[in-house]
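Undergrad: Residue numbers (our numbering), protein chains in the order written: chain A, 1 to 212; chain B, 213 to 386.
In case anyone wonders, no lab produced these hints; they're calculated from the structure. Bear in mind the structure is a predicted one, so any value in this text is a computation, not a measurement. Watch out, some of these pointers could steer you wrong.
Unchecked claim - Quick list of in silico lysine to any residue cross-link-like pairs, SDA-like style, CA-CA up to 25 Å: (1) A/Lys107 - B/Arg360; (2) A/Lys75 - A/Glu52; (3) A/Lys148 - B/Lys354; (4) A/Lys107 - A/Gly121; (5) A/Lys95 - B/Asn315; (6) A/Lys32 - B/Asp364; (7) B/Lys367 - B/Asp256; (8) B/Lys367 - A/Ile128.
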Amino acid sequence: MLYNVHFGIYVDVAMPVEDKSKSLLPFLSSPKLLPDESEAEFQSGLQSLLSELDNPSPLSGALVSQLNECLWWIKRHTVDKELLLHEAMARILSKGGIYTETYDNRKVSDALENYLDGSAGKDEAKWIDEILAESKLTLPDLRIRAFKDASRHIKMVDDLIHRQHQTIRHLQRSIDSIDYKSRLIKRMDLELAALESKQSVKGVLSLDDKSS
Amino acid sequence: MTTNPRRNLANRCNALKSTGPRSVSGKRASSQNSRKHGLNSAPDFESSLEYRALVELIAEEGLSAFACADIAAGLLNYRRVMDAYYDTYTSPEPVDEFLRDVNVRASNPIFRELLSPSGSEPQDVREMAAFFASMQRQERRKGGPVSRRTADSHKLIRYQRNGIARLSRAVRRG
Chain A
1 MLYNVHFGIY VDVAMPVEDK SKSLLPFLSS PKLLPDESEA EFQSGLQSLL
51 SELDNPSPLS GALVSQLNEC LWWIKRHTVD KELLLHEAMA RILSKGGIYT
101 ETYDNRKVSD ALENYLDGSA GKDEAKWIDE ILAESKLTLP DLRIRAFKDA
151 SRHIKMVDDL IHRQHQTIRH LQRSIDSIDY KSRLIKRMDL ELAALESKQS
201 VKGVLSLDDK SS
Chain B
213 MTTNPRRNLA NRCNALKSTG PRSVSGKRAS SQNSRKHGLN SAPDFESSLE
263 YRALVELIAE EGLSAFACAD IAAGLLNYRR VMDAYYDTYT SPEPVDEFLR
313 DVNVRASNPI FRELLSPSGS EPQDVREMAA FFASMQRQER RKGGPVSRRT
363 ADSHKLIRYQ RNGIARLSRA VRRG
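So that you can see chain A by itself, here it is in the shape it has in the complex (with noise of 0.2 Å):
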């Protein structure tokens, strides 16, 4: 029988335990990429999660490809607040200067970024000059500047990496607690196994007393 299973990924739930523990991992795993963002990065982060595990159960591969989403959002979150100190710099630029009125936020965005990068043409290292200038900035200033009207969210930003690593630590303690659960229970088969085997032997030992 074929589920659709949430991302529109077909789980056979008629196929052999062992399989299913693959199969069962695109439905939770697929991820949800940004269009900048390398899926095999995403798969490759997941495949070395998942070889820490001696022989991944459904539900223990599931959390774990949770896990490799929580990495993921602490990585995207990283970027963001380099991205909200750019956004507060140019902010402060686009409003610097005599020239407030007539500036594109975005226009000065984008020369900043190359300015940083060194990849600035000439007219555009010379713009942003003129600007920083205008305003009496040098671009340590700015980025002091930029740092604290950014603080507000760069705080929220922290919080939801923080937010991620708690969410690690849960998974962490599920998956521990499917492990510890799944060797007790080998153990007892284990245990089972040898008391039977010792009965039968006892059985067989018995029987011949009497038959002697």
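Once you have looked at the hints, place chain B on chain A.
TA: Just chain B now, kept in the frame of chain A:
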């Protein structure tokens, strides 16, 4: 799309006079205007195919039926939160560039013309200008796209906390 600032300002002034939708379908549509992510509505996982498939798969781990149902619901609930988180992150409230950049003080003659074509009424014009200025302040306070998506995503933290706590509890109890 209106590019003329004068026309744009006139449209916004006229929109302020609107008394809202009249038709049933309009009212139904506008009743969903403030819906952000839908995470406050009660989910119905039990009747979904995903839920049943998950329960069957988890059952093979040797857990009780109750535990399987609990874990499957927890997992689907967590996915629902993370999907909403992704949607919020990728589609933040757009920046209203016109409102952000419009020079409210310089627009006073337009307000005057729109409000009282025959003769100026300073009080009304002042009120309209003050209203636009406050909207502009709000718009500017929200910042650019990255600030907006950060602020929007931040509102979903409590749903994530509850979602993962529910899932983790279900797995450890199971």
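Undergrad: Starting from A/Lys32, check that the Cα of B/Asp364 is at most 25 Å away, please.
TA: holds, 18 Å
Undergrad: When you check the alpha-carbon spacing of A/Lys107 and B/Arg360, does it fall within 25 Å?
TA: holds, 19 Å
Undergrad: Can you confirm whether the C-alpha distance between A/Lys75 and A/Glu52 stays at or below 25 Å?
TA: Measuring from Cα to Cα gives roughly 21 Å; hence the hint holds.
Undergrad: Does B/Asn315 lie within 25 Å of A/Lys95 when you go C-alpha to C-alpha?
TA: Answer holds: A/Lys95 to B/Asn315 is near 13 Å, not above 25 Å.
Undergrad: Taking 25 Å as the top limit, are the C-alpha atoms of B/Lys367 and A/Ile128 close enough?
TA: Given that 25 Å is the threshold and the Cα spacing comes to 36 Å, the pair is violated.
Undergrad: Between the alpha carbons of A/Lys107 and A/Gly121, is the straight-line distance 25 Å or under?
TA: Answer holds: A/Lys107 to A/Gly121 is near 14 Å, not above 25 Å.
Undergrad: Straight-line Cα separation of B/Lys367 and B/Asp256 no greater than 25 Å?
TA: holds, 23 Å
Undergrad: Straight-line Cα separation of A/Lys148 and B/Lys354 no greater than 25 Å?
TA: Given pair A/Lys148, B/Lys354 holds - Cα atoms ~15 Å apart, limit 25 Å.
Of the hints listed earlier, the one the structure fails to meet is number 8.
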